[in-house]
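Please arrange chain S on chain W, whose structure you already have, making use of the hints.
If you read the sequences in order, they're chains W and S.
Quick note: the first sequence uses the numbering used here, first residue 1, plus one each step.
Quick note: the second sequence uses the numbering used here, first residue 1001, plus one each step.
In short, the hints are calculated from the structure, not lab data.
Yeah, the Cβ is synthetic: ideal placement off N, Cα and C, and Gly gets one too.
The reader is advised that the hints may include incorrect statements.
Derived pair list, reagent style SDA-like, types lysine to any residue, alpha-carbon separation capped at 25 Å [claimed, not checked]:
| no. | chain 1 | residue 1 | chain 2 | residue 2 |
| --- | --- | --- | --- | --- |
| 1 | S | 1101 | W | 1 |
| 2 | S | 1101 | W | 62 |
| 3 | W | 41 | S | 1069 |
| 4 | S | 1058 | W | 105 |
| 5 | S | 1049 | W | 26 |
| 6 | S | 1101 | W | 43 |
| 7 | W | 66 | S | 1109 |
| 8 | S | 1049 | W | 2 |
| 9 | S | 1049 | W | 98 |
| 10 | S | 1101 | W | 40 |
| 11 | S | 1049 | W | 72 |
| 12 | S | 1049 | S | 1011 |
| 13 | W | 66 | S | 1069 |
| 14 | W | 41 | S | 1046 |
| 15 | W | 41 | S | 1101 |
| 16 | S | 1101 | W | 54 |
| 17 | W | 41 | S | 1040 |
| 18 | W | 41 | S | 1087 |
| 19 | W | 41 | S | 1088 |
| 20 | S | 1101 | W | 46 |
| 21 | S | 1058 | W | 3 |
| 22 | W | 66 | W | 105 |
| 23 | S | 1101 | W | 116 |
| 24 | W | 41 | S | 1024 |
| 25 | S | 1069 | S | 1082 |
| 26 | S | 1101 | W | 22 |
| 27 | W | 41 | W | 116 |
| 28 | S | 1058 | W | 116 |
| 29 | W | 41 | S | 1006 |
| 30 | S | 1049 | W | 63 |
| 31 | S | 1101 | W | 31 |
| 32 | S | 1101 | W | 14 |
| 33 | S | 1049 | W | 31 |
| 34 | W | 20 | W | 53 |
| 35 | S | 1101 | W | 61 |
| 36 | S | 1049 | W | 43 |
| 37 | W | 14 | S | 1041 |
Covered stretches of chain W (in silico footprint by chain S; criterion: 3 or more residues with CB under 8 Å from a CB of chain S, positions within the stretch not fixed) [to be verified]:
| no. | stretch |
| --- | --- |
| 38 | 31-43 |
| 39 | 73-84 |
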Amino acid sequence: GAVVSQHPSWVICKSGTSVKIECRSLDFQATTMFWYRQFPKQSLMLMATSNEGSKATYEQGVEKDKFLINHASLTLSTLTVTSAHPEDSSFYICSAPIAGGSYNEQFFGPGTRLTVL
Amino acid sequence: AQSVTQLDSQVPVFEEAPVELRCNYSSSVSVYLFWYVQYPNQGLQLLLKYLSGSTLVKGINGFEAEFNKSQTSFHLRKPSVHISDTAEYFCAVTFASGTYKYIFGTGTRLKVLA
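Bound conformation, chain W alone:
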């Protein structure tokens, strides 16, 4: 099956610093990727849709200047949490459907746990 990886799997940073999270589709091309955040014992909330070669589409209430998304290639999307604060601590998960295929199924990465001190 299609595999999506994320790096790093966990990161701890100081308040005020920026953190970059990578999402890669390993064996397929993804023109679109999705970024979710998940608070402890809660569901996944869609943050933004990452589009290869164009600007990301953010969900209502998500600060685009704080959560910078770049989708520079067909296999890589990055999420940068700028000036991170403790309230940004969360589990971030990306997903991707196969380019040209059906959007009926998305393949999820293993997640990145961010802890901001």
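Below, chain S without anything else, positioned relative to chain W:
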């Protein structure tokens, strides 16, 4: 507005007993339905999906689900659970038209007891 409801936040069940995890959705358009499992500190793994055709869908690890359009439900079942089934289970919906975004339910924590 479209939504997904998982009524049970936690379901304790003894090993080898059957289990049903409930999922209801609300939508004015055709939907595709999914069940995912999440183990601690891991991403989501697809258990099964309903796109079209037979309303009874079989997935991995002995799970199955039945799509009921009239009741707008997609309940997940397993006839005999194992300790290893202890995890968080999410029902998700995407729509046959539109942006194909997923909407997730709030999740059900299945706790299998020895």
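25 Å limit on alpha-carbon distance, applied to hinted pair residue 1101 (chain S) and residue 40 (chain W)
Given pair residue 1101 (chain S), residue 40 (chain W) holds - Cα atoms ~22 Å apart, limit 25 Å.
Would you check the hint for residue 1101 (chain S) and residue 22 (chain W), treating anything up to 25 Å between C-alpha atoms as holding?
20 Å, holds
Does residue 53 (chain W) lie within 25 Å of residue 20 (chain W) when you go C-alpha to C-alpha?
19 Å, holds
Holds or violated: residue 41 (chain W) to residue 1087 (chain S), with C-alpha atoms at most 25 Å apart
Within the cut-off at roughly 11 Å; holds.
Hint check: residue 1101 (chain S) vs residue 1 (chain W), CA-CA at most 25 Å. Holds or violated?
Holds, at about 21 Å.
Given the hinted pair residue 1049 (chain S) and residue 98 (chain W), is their alpha-carbon gap at most 25 Å?
Status holds; Cα separation ~16 Å.
Holds or violated: the stretch 73-84 of chain W covered by chain S, criterion of 3 or more residues with Cβ-Cβ distance under 8 Å?
violated (count 0)
For a C-alpha distance cap of 25 Å, please report whether residue 1101 (chain S) and residue 54 (chain W) respect it.
Satisfied, since the Cα-Cα distance of roughly 18 Å is no more than 25 Å.
Hinted pair residue 1049 (chain S) and residue 31 (chain W), Cα distance within 25 Å:
Cα-Cα ~23 Å, so holds.
Does the alpha-carbon distance linking residue 1101 (chain S) and residue 31 (chain W) stay inside the 25 Å limit?
14 Å, holds
Are residue 1101 (chain S) and residue 43 (chain W) close enough, with their CA atoms no more than 25 Å apart?
15 Å, holds
Under the criterion that the straight-line Cα-Cα distance not exceed 25 Å, is the pair residue 1049 (chain S), residue 26 (chain W) satisfied?
The given pair, whose Cα atoms are some 23 Å apart, holds under the 25 Å limit.
Violated hints, in rising order: 3, 7, 11, 13, 22, 23, 25, 28, 30, 32 and 39; the structure is consistent with all others.
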